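Please build the complex by placing chain B on the supplied structure of chain A, with the hints as guidance.
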Amino acid sequence: MTVLLSMELVAAGYGDAEVLREVSLSVREGSITALLGANGAGKTTVMRVLAGMLPPRNGIVRFAGNDVAGVAAWDRVAAGLALVPEGRQVFADFTIEENLRIGGCRRPAAKRTARLDEIYALFPRLLERRRQLAGSLSGGEQQMLALGRGLMSEPRLLLLDEPTLGLAPAMAAAVFDLIRRIREAGTTILIAEQDVRTTLQTADHAFVIENGRNVLAGPAAALLDDAAVRESYLGM
Amino acid sequence: MSSLLSGQLLVAALATGGLYALVAVGLNLVYGTMRLLNVAHGEFVMVGAYVAFLLFSTWQIGPPWSLLAAFAVATALGLAAYRGLFHRLLERNQRVEANSLLLFFAVSVILQNVVALTFSANERAYRHLDGIVTFGDVSVTESRLLALVVSLAVCLAVALALRYAAVGQAIRAVLQNRDAAALVGVNVVQVQRLCFAFGVGAAGMAGALISLTQGISPFMGFPFTIAAFVVVILGGLGNLTGSLVGGLLLGFLETYGIALTAASYRSILLYGVFVGVLILLPRGLFGRRAARR
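Going down the list, the sequences are from chains A and B. For the first sequence, position 104 matches number 104 in this note's numbering, and the numbering has no gaps at all. The number in this note's numbering is simply the position in the second sequence, starting from 1, with 1000 added.
Only chain A is shown next, with the shape it has when bound in the complex (with noise of 0.2 Å):
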């Protein structure tokens, strides 16, 4: 399988804060792979470096074989790359049609309105709900919306960060398996997440990081069997 997304020795920050000091990954087309680390590791970051939302500081950032610095968020969207961002961030004052229409905006009017029922098929809910605004949403109903208006853009590769924070754990595992039907659907995904086991049973490879830098990386079910990864983050 061909390397669909890499981030070769990756530098970045904030002002005078340096979040990741040298972050190397790559994503297989078609996979799950899992980006795994603690609260303040950077997994934040690296998704913004990805999305085109900070210009790293240092490093390269390949997307489908060609450098991507430069090349602002939003036209990585319309090249195949969508971030559903932490927190959601649905348009609150938006109803959830106008969201999910919104994420289609740099495909062509036709194309979006059959993705738009596509769309409705994979989460019954919002098609109930259509014109409600999403400001009244529940968390778990508003993750929804940001997963479905992310693929409206029908994207070659999701960034999904930290798309189970705060849910419920039945809503959680919705999530989860929604994420498998996706890249069964032919979309390669990147997660990072807190849910470390449920991560590793989901995804196909794993990379780890700690204080920007990398730490551990390999086949998901080999670092699920890891003394070290067992210990760190989940607990046994």
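Derived from the structure by calculation, the hints contain no laboratory data. Just so you know, not all the hints are guaranteed correct.
[To be verified] Computed, partial: chain A to chain B, Cβ under 7 Å: (1) Ala78; (2) Phe91; (3) Leu178.
These numbers come from a predicted model, not from an experiment. Cβ atoms here follow ideal geometry from the backbone N, Cα and C, with glycine treated the same way.
Structure of chain B alone, referenced to chain A:
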């Protein structure tokens, strides 16, 4: 009290309110999409007024061309300021509000003085469209009627575009959450540039309309800056429909307030409303939550 119920006062209030709304929508677009505090907004009104004055006194060109020319000149000036000053400020994205306040203050002083040097500080006026239109018991000058119709029509067009046009949806997305807008593929920089150009252009067009109904001077802009801030705070920061409602409301407060007192109370009313709203309704008439970034 019967005079308070006259159609005359109602039309005057609508005309004033419409102009306030038109000026304030521009200010709110610029603040809402970029967090730039445009304290030079009234100076773009003033520039538009001088463009219309110049066109009429030199070539007898009036509306609609003078309105479009005022829009175009204010837009061109605004885009030059955007490119030279504010684009960089936005890219650096540090202390945008405070720095924009200082930069716009400089723009304001420069514009006032350039116009004063070129045209002198004296008040200017011209007579155009001063025929009287009468319907029922209401008599109104053509110029005031034009100001009312054009400003309300432009505000309505803005409201419809925001609701139904693709670019309007993009603007509303940026107003709500700039990062999220970028992440769904909205070209945020393009939206910001458009809002800046349209915002100051609308101010310029309002200036051209105002020049038809009252004398103009290089220092006429400041009360409009204040009025626009009052309206924006009344209607809510980033809430454009709120600005339309707030503009009309301020027009009514001012017109009826003056009718109940005297014209010399105009400034007191304006600033009184400003202070009152800040104290009583700091989030505006429709403010449910604080302005989000």
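Each hint tested on the structure:
Interface restraint check: A:Ala78 against chain B, minimum CB-CB distance 6 Å, threshold 7 Å, status holds. Annotation: A:Phe91 was flagged as interfacial toward chain B, and the flag holds, the nearest CB pair being 5 Å apart, inside 7 Å. Taken as an interface hint, A:Leu178 does not check out: its beta carbon lies about 19 Å from the nearest beta carbon of chain B, beyond 7 Å.
Hint compliance for this structure: hint 3 alone is broken.
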